[in-house]
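For the record, the sequence lines run as chains Z and W.
If you read the first sequence in the working numbering, its first letter stands for residue 1, the second for the next number, and so on.
If you read the second sequence in the working numbering, its first letter stands for residue 1001, the second for the next number, and so on.
It is worth saying that the hints were derived from the structure and are not from the lab.
It cannot be assumed that every hint is accurate.
To be verified - Which chain Z residues face chain W? A few, computed with CB under 8 Å, are given here:
1. Glu149
2. Glu153
3. Arg269
4. Tyr272
5. Met347
Virtual Cβ for every residue (Gly too), placed ideally from N, Cα, C.
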Amino acid sequence: MSAPNKSYDPVEVEALKPEEVERARDEALAAFATAGTLEELKQAKVAHTGDRSALSLANREIGALPPQAKAAAGKLIGQARGAVNQALAKRQVELEAERDARVLVEEAVDVTLPYDRTPRGARHPLTTLAERIEDTFVAMGYEVASGPEVEAEWLNFDALNLHEDHPARSMQDTFFVQAPDGSADSGVVLRTQTSPVQIRTMLDREPPLYAVSPGRVYRTDELDATHTPVFRQVEAIAVDEGITFADLKGTIELLVEKLIGGGLELRWRPSYFPFTEPSAEIDLQCFVCRGESVGNPDRPCRTCSSEGWIELGGCGVVNPRVLVACGVDPQVYSGFAFGLGLERILMNRHNVADMRDMVEGDVRFTLPFGMEI
Amino acid sequence: MRVPLSWLREYVDLPAGESGRDVAARLVRAGLEVETVEQLGADLKGPLVVGQVLSIEELAGFKKPIRHCFVNVGDANGTGEPQEIVCGATNFAVGDKVVVVLPGAVLPGPFPIAARQTYGHTSAGMICSARELGMGDDHNGIIVLPPEYEPGTDAIELLQLVDEVLDIAVTPDRGYCLSMRGVAREAAAAYGLPLADPALLDVPPANSYGYLVKVADPVGCDRFVARTVTGVDPAAQSPLWLQRRLQKSGIRPISLTVDITNYVMLEVGQPLHAYDRSRVDGPIQVRRAAEGETLTTLDGVKRKLSAEDLLICDNSGPIGLAGVMGGASTEIVDPVTDPETGVTTGSTEIIIEAAHFEPVTIARAAKRHKLPSEASKRFERGVDPEAARAAAQRAVDLLVLIAGGTAEAGVTDIAAPHPVRTIAIHADLPDRVAGTEYGRETVTRRLQEIGATVAGADILEVTPPSWRPDLTDPYDLAEEVIRLEGYDNVPARMPMVPPGRGLTEAQRFHRRTGVVLAGAGFVEVNNYPFIGEAALDALGLDAGDARRRTVKLVNPLSDEEPSLRTSLLPGLLGALRRNIGRGNTDLAIFEMGTVFLPKAELSVAPRLPVDRRPSAEQLAELDAALPHQPRRVAVALAGERLPSGWWGKGAGASWADAVEAARTVARAAGVELTVRQAQYAPWHPGRCAELSVAGTVVGHAGELHPRVIKALHLPERTCAMEVDLDLLGADLSGRVSGPPVSGYPVATQDVALIVDAAVPAAEVETALRDGAGELLESLRLFDVFTGEQAGEGKKSLAYTLRFRATDRTLTADEATAARESAVAVAASRTGAVLRGA
Ligand SMILES: [Zn+2]
C-alpha cells in the first residue's frame, strides 16, 4: 500500500458499503462451512482471505477514505475479517480432526504379531547359581577365590590330611595326570574337590581369611541321571581367631535361608572328612514335602525320594593338621570349611530331574533360566 | 555293614517298640551313615510251617521232573491229615524236614498261596526254597531243615523271617563299626543303655604249647593268636540261627567252620582265618614275601607276590596273603558225603588264626592284588588288637559247641609290645571347638562312653580304647564329645567377618563376559574337557600345531579321549552338533572355561611334607609341574543369526557375527580389538580374523574351514570364535574419562574411496581417522562394493565423516579441509583414490 491519497475512487469506495462487506463475510462463512476437505478449505481460504479476496481489497481501500470515515470503515471490516478468520480456524480444526481420525485408523497394525527378531541368549544355570552363592558370601565380607583344575596331589590330598595310604584317598576316584615319562607318578591330578583352593588361600596370605571358591571338580564316575564325572562345587572357608562349629552352623543357616528360603530345618549328621574335625554332613528338610512323605506311600515325594531330607554337602571345623601344613598356627587360629555340590542344589531348587541335561548343552534346557536364577 | 535289628538287640536292650527307622535315626545323629532300613518279611503271612515228607511219587511225562508228595504238617492245616503238594524240586527225600506254606498264606512278592490243580493233582500249598522266602538268592532247590524240628512248628519264627536290617556305610575312621560290637556300642551310647560286650569272654592265658608261630615282621604283624580245635565233625552243619544271621548280613553260608569264622568277624570285628591243621607243614611263619614268590589264593588265582606283601607261611612256603586272603593249599576242605557209606569226610583239625596286621600293609596288598575282601576292609580301617584273643576263643567255643570238637589246651599269643597311648586334652577344648559350654563332667563322661579311660582335671589324660586307633590327638577326642552331645545342640552364630573387598576386577569381567554374550543372543554351555586325537585331526591342525601337545590322563573315562582340551572348540562344536541333531537349527552358543597347555619344561610335582608350611621354592616346584590353565571364551554359530519372519528376510550367521562376538567381549574388558586377516586352523583361510590387543594376539574368529565343517558334520558356513580372557583382561585398571559433549552443530561429509581389493578396510579407516584429526567426531563405513564401477581388482569404500568442534560452529571450509586431509592420508597409506576424481 502507498501513502494515503487525498482523492479516492468512488467505485472502490462502493466496496466499503456495509452491505457489501457483510455479503463478502457471509459468502466466506458459507464457503468455509461447505468445505468438506482440508483441500477445499484451503481453496476457500485463498478465495476469501487471500490478497484478491473482497475483504482484503476493502481493507486496502480504508487508507483512501477521508479521515472522518476511516474509523467506521476500519471497525466494520475488522469485525468482518475477524469473524471470517475465526470461522476458518474452527473449520480447519474440525477437518484436521476428521482427517486424523480417518488416517490413524487406516494406519492401525496388529500389535500381537510376534517379533522374535533378536535371538535370545541365556547363561548356564550352574554359572548363575554359583554367582548367587558367591554374592551371598561377598555380602558377608568374603572374597571369591579360585585355583587350577589340574592340581598338585599335595594340594588336593596331602595338605588336606589325606596321606597316600589313607582309605579316603582310594574312596575318591581320581583322574591321574601322566608324568613326563608316561607313568602315573606325576604328582598331578584333576582336582577331586575345591578344597585345594583353601590350601592355596592359606598359603597365599595370613588370617583372617574368609573365602568362597566355586569351581569344576572331577571324579571318575560315569555320566547318568544323578552323576557326572565333571561337576561343580562351592567351598567356603573361614580362618580366624576363635572360629567354632557354632560359626559354621550360623553361616550355613544364613546361606540356606538366602538360597532356598527360611523356616526349613537343617540336620547335622556327624561324618568323616580327613580335612575337618569335627565333620558333618548337612541335610536340608525337604522344602517340597517338609518331611510329610516319610513312611507315607500315599504322598510320595520325588524331590527327597520320600526321605524327608535332601543332602546339601559336607562341612566341619578345619583339622589343625591342615592348618599346620599351611603354616597357620593352630594355637592361635581355627577355621571352618564347607562344600556344596551345585548340581544337586540346582536339581532340587529348580526341579531338574536329570543331571545329563546340565551337561549336554541343549539350548532348550538353558534358555528358560535367562540371565540370573 | 548290614546290621539285623534282632541281632543288635542281643547286645543292647533297646526299647521293645523301637523300630529299625527309630534306631537308624539315633545312629545317624551319632554319625553312622545308615543308608537303608530293609524290612524283611514285611509282606509275609503264614501259615508257614515245618513239614515232614511222607511220600514222593515221581510224575512222568512232563518236560521237567515233577513230584507228587504228601507231607505231614502236624495240626497246622487244621485237620492233621497229610497235605497233598506238587513240587518241582528234587533235592529232598522221604523223611526230610521241609518248609511248607499252606493255602491262605502270602509269600514275599507279595505272592498269595491257594490250593490249585496242577499236573493232574491238587497242590494245597508249596514246599519252599530259600529264595521264595526272601532269605537269599540261592536257588539250589528247596530248604531241607535239620531233623530236630517237629512238623507243624511255625517256620516264620524258626527261620527268623521277619526282621529289619540297617545298612550302614562305615566311614574310614570308624573301622570298629564294621562289627556288631561296634555298632552296638554306638547304639548303647545313643540310647544311654549298657552294652553287653561280646568280646568280654573268659580266655585262658597264653602258654608255650600252642601251635608254633614265628613272627619275623613284628611291625607288619603285632599280634598273632592261634588256637586249635580237634575232633571236629565234618558232617556238622551251621545251625539255622547262624545261617540266618550271616544271610541277613549279606554273607552266604558255606560250611560250618567258614561260617563260624565269618560270624565271629561280624560279631567282634576280628577277621579270622581257619587252616586245616593236617595240611599245614610245620610252624606258621609271618614274613614279607621274596620278590618272585607266588601264592595260589583260595579263589584259585595264582598270584605273583611283591616284596611288600606280608605272608603267612609254613615249611612249604606261602599259605596266605596276610589279612587279605588265605591260600588254597591249607584251606578247610569242603565236607563230602560218600553216597554209599553215608560217611562225611572233611577237615577235622582246625587252627584258628586271629591276628592283627598293620593297616597300610594290608591296604596296599589289597590294592596291589585287586582283592578287596571283608578281612582287608577291616584291617585297613583298624581292628581292635585286644579283641584277637576273645575272637579266637569265640570261634573255638562255637566249634566245640556245634561241631563237637575239642579245644586243645595250647594257646599261642604273640604280641609285640604296645606303648600305652595317652592323649592330654584341655578339658575345655571341646567347648572351644564347638563354641558352646559342655563342662568337664560331660566331657569326661562322654569319653568314658566311647571306652576311654580318663584321668586328671583341667588337663585330662585320656587313654583311648584299643578299638579306636583313629583317636590320636586332642581334636579327635573333642570331636567325639561334640558328636555324642549332638550337633543339633551346638548353637548357631555368625562370625565377625572383617569388611570385604568384593569381587576382583577379573571376576567382574568374567561375569560381564557371560552377561554381554547372553545379551547378544548366545546360550551358555559347559562341556567336558576331555578330547582325543580325532578331535584335533577334525580341526585340521598341522602335525606341529602347539594345540596337539596335550596334558594326558592315566585313567581317562574313554581311551578315545585321553587328553585335556587345548581349545574350547572341540567341545563347543560337539555341543553345536548335538543341538542340531535334536532339531535346534538356529544356534549361537558360548562356553567359558579353562584350557590346559603343557609347559615347555615338563616336571613332576614333589610330594612335600605336611608337618610344616612348604618353602616358597617347594611351592614354586608344585606350580611348575602344573600346565598353564588360561581361561578362554568361545562361541559357535550356525543357521540364522537374525531370523526371517513376517518382517522380511533374516540373515544367516556369518564370519562377521563371530568377529563381532569377540568385539562384544573386548568391550566388556574395555579394550579395543585390532582385527587382521590371518590363516589359522580350524578357520576358513580367507575368512579368518586374528584378534589382538596392543600387539598381543588374543584369539581368532571367522567362518570354519569347509573341510572342518565336513569332518565334524556341521552345517555349511558354521562360524566360531575363541579368545583368551586372561590376555583380553590383562589390564582392567583403565578408567574412562568423561568425553566433552559439544553443543555446536555437526558438519557431515561423505567420501567414497577406491582402493585395491586386497587393502583391508581397517587400514583405510585408521588412515582416515589419523588424517581427519581432532575435529572428527565419528566415522562410519556405510557402503562397500566391487565390480565394474569400482574397476578391475578394486573396491569402493564409502564413509560418512562427522566433524564437530567443542568451541565453535565449524565453517564449511574447515570441515572440507579436515576431510581432504583425511583422504590425503588414506591416499598415501593405502593408495586410496577419491571415487569420481
Ligand atoms: Zn520331599
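Check the structure against each numbered hint from earlier and tell me which ones fail, lowest number first. The structure breaks only hint 5.
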